[in-house]
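Engineer: Sequence:
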Amino acid sequence: MPRFQGKVVVVTGSSSGIGAATAVLFAKEGAKVTITGRNQDGLQATKKAMLEAGGKEDDVNVVVADVTDALGREQIISSTIQKFGQIDIL
661 MPRFQGKVVV VTGSSSGIGA ATAVLFAKEG AKVTITGRNQ DGLQATKKAM
711 LEAGGKEDDV NVVVADVTDA LGREQIISST IQKFGQIDIL
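The numbers in our numbering rise by one with no breaks, and the one at position 33 of the sequence shown is 693.
Hints are computed from structural coordinates only; laboratory data are not their basis.
No residue lacks a Cβ here, since even glycine has one placed at the ideal position from N, Cα and C.
Some hints could be false.
[What the hints assert, rightly or not] Derived lysine-lysine pairs resembling DSS-like cross-links, with alpha carbons at most 25 Å apart:
| no. | residue 1 | residue 2 |
| --- | --- | --- |
| 1 | Lys743 | Lys688 |
| 2 | Lys716 | Lys743 |
| 3 | Lys688 | Lys716 |
| 4 | Lys688 | Lys708 |
| 5 | Lys708 | Lys667 |
| 6 | Lys708 | Lys743 |
| 7 | Lys667 | Lys688 |
| 8 | Lys667 | Lys743 |
| 9 | Lys716 | Lys667 |
[Stated by the list, open to error] Derived Cβ-Cβ restraints for the label pairs, each shown as a range:
| no. | residue 1 | residue 2 | range |
| --- | --- | --- | --- |
| 10 | Glu734 | Met661 | 16 to 26 Å |
| 11 | Gly745 | Pro662 | 28 to 38 Å |
| 12 | Gln704 | Val727 | 14 to 24 Å |
| 13 | Leu750 | Leu711 | 14 to 24 Å |
| 14 | Met661 | Asp729 | 17 to 27 Å |
| 15 | Met661 | Arg698 | 30 to 40 Å |
| 16 | Asp729 | Ala705 | 36 to 46 Å |
| 17 | Asp701 | Ile678 | 11 to 21 Å |
| 18 | Asp718 | Arg663 | 16 to 26 Å |
| 19 | Met661 | Gly745 | 16 to 26 Å |
| 20 | Gln665 | Leu731 | 27 to 37 Å |
Can you make the complete structure from the sequences, with help from the hints?
Structural biologist: Take a look at the structure:
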């Protein structure tokens, strides 16, 4: 059984670099993942990589938002709770 099966993870800065790599690894390990960042194209590329690594379409939530902004943080949290019902790892 994958290590993070049933866990809900939010990964900020997911449009590139370490954030993107982290999101891919969580997806590969069975987590439901909200990926977030300011770059829509980068987030879509990360989502594609997550699916190629074995993640499921229904287990990926994409939120374009800026975590330095209060409204952006609220968007990320509410979208994740609405889709997955909880947050286990932030």
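Engineer: Give a verdict on every hint.
Structural biologist: Hints, one by one, checked against the model:
With a C-alpha separation of about 19 Å, the suggested pairing of Lys743 with Lys688 holds against the 25 Å cut-off. Distance check on the hinted pair: Lys716 and Lys743 sit about 14 Å apart at the alpha-carbon level, within 25 Å; holds. The suggested pairing of Lys688 with Lys716 holds, with an alpha-carbon distance near 9 Å, which does not exceed 25 Å. With a CA separation close to 12 Å, the supplied pair Lys688 and Lys708 stays within the 25 Å bound.
A C-alpha spacing of about 20 Å is found between Lys708 and Lys667, which places the hinted pair at or below 25 Å, so the restraint holds. This hinted pair checks out: Lys708 and Lys743 have alpha carbons roughly 19 Å apart, not beyond 25 Å. At most 25 Å may separate the alpha-carbon atoms for a hinted pair to count; Lys667 and Lys688 meet this at roughly 12 Å. For the suggested pair Lys667 and Lys743, the alpha carbons sit about 13 Å apart, so the restraint of at most 25 Å is met.
Taking the CA atoms of Lys716 and Lys667, the gap is near 14 Å; set against the 25 Å cutoff, the hint holds. Hint check: Glu734 to Met661, Cβ distance near 33 Å, so the stated range 16 to 26 Å is violated. Distance hint check: the CB atoms of Gly745 and Pro662 are about 19 Å apart, inconsistent with the given range 28 to 38 Å. Distance hint for Gln704 and Val727: a CB-CB separation of about 19 Å, consistent with the stated range 14 to 24 Å.
Look at Leu750 against Leu711: about 22 Å separates their beta carbons, and that is inside 14 to 24 Å. For Met661 and Asp729, the hinted distance range of 17 to 27 Å is not satisfied, since their beta carbons lie about 37 Å from each other. Remark: the range hint 30 to 40 Å for Met661 to Arg698 is upheld by a beta-carbon distance near 35 Å. Taken as a hint, the range 36 to 46 Å is violated for the pair Asp729 and Ala705, whose Cβ atoms sit roughly 23 Å apart.
Judged by the Cβ atoms, the range 11 to 21 Å given for Asp701 and Ile678 holds: they are separated by roughly 18 Å. For Asp718 and Arg663, the hinted distance range of 16 to 26 Å is satisfied, since their beta carbons lie about 19 Å from each other. Look at Met661 against Gly745: about 20 Å separates their beta carbons, and that is inside 16 to 26 Å. The hinted window of 27 to 37 Å between Gln665 and Leu731 holds, with their beta carbons roughly 32 Å apart.
Consistency with the previously given hints fails for numbers 10, 11, 14, 16, ordered from lowest to highest.
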